[in-house]
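Peer 1: If you're matching positions, the sequence shown starts at 351 in the working numbering and goes up one per residue.
In short, the hints are calculated from the structure, not lab data.
Please note that the accuracy of each hint is not assured.
Said to hold, decoys possible - Have a look at the derived ranges for each label pair, beta carbon to beta carbon:
(1) VAL379 <-> ASP359: 28 to 36 Å
(2) SER376 <-> ARG355: 26 to 34 Å
(3) GLN383 <-> MET352: 32 to 40 Å
(4) GLY354 <-> GLN383: 24 to 32 Å
(5) TYR381 <-> MET352: 41 to 49 Å
(6) PHE372 <-> MET352: 28 to 36 Å
(7) SER374 <-> GLY354: 26 to 34 Å
(8) GLU356 <-> SER376: 29 to 37 Å
Glycine included, every Cβ here is placed at the ideal spot set by N, Cα and C.
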Amino acid sequence: EMYGRELVDLRNESRWEFLNTFFSVSEAVMYMQ
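Can you make the complete structure from the sequences, with help from the hints?
Peer 2: What follows is the structure, encoded as structure tokens:
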């Protein structure tokens with residue numbers, strides 16, 4: 351059970367990392383235009 355929960359946490363963390371990176375990139379693009 352703990353193992354599955356850890357996997358879910360890792361997946362959520364990577365998703366947030368992706369979202370943060372995506373928003374940072376889009377902000378940089380908006381700023382450059």
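Peer 1: Each hint needs a verdict: does it hold in this structure or not?
Peer 2: Checked hints:
| no. | hint | result |
| --- | --- | --- |
| 1 | VAL379 <-> ASP359: 28 to 36 Å | holds (31 Å) |
| 2 | SER376 <-> ARG355: 26 to 34 Å | holds (32 Å) |
| 3 | GLN383 <-> MET352: 32 to 40 Å | violated (47 Å) |
| 4 | GLY354 <-> GLN383: 24 to 32 Å | violated (44 Å) |
| 5 | TYR381 <-> MET352: 41 to 49 Å | holds (43 Å) |
| 6 | PHE372 <-> MET352: 28 to 36 Å | holds (30 Å) |
| 7 | SER374 <-> GLY354: 26 to 34 Å | holds (31 Å) |
| 8 | GLU356 <-> SER376: 29 to 37 Å | holds (31 Å) |
When held up to the earlier numbered hints, the structure conflicts with 3 and 4 and fits the remainder.
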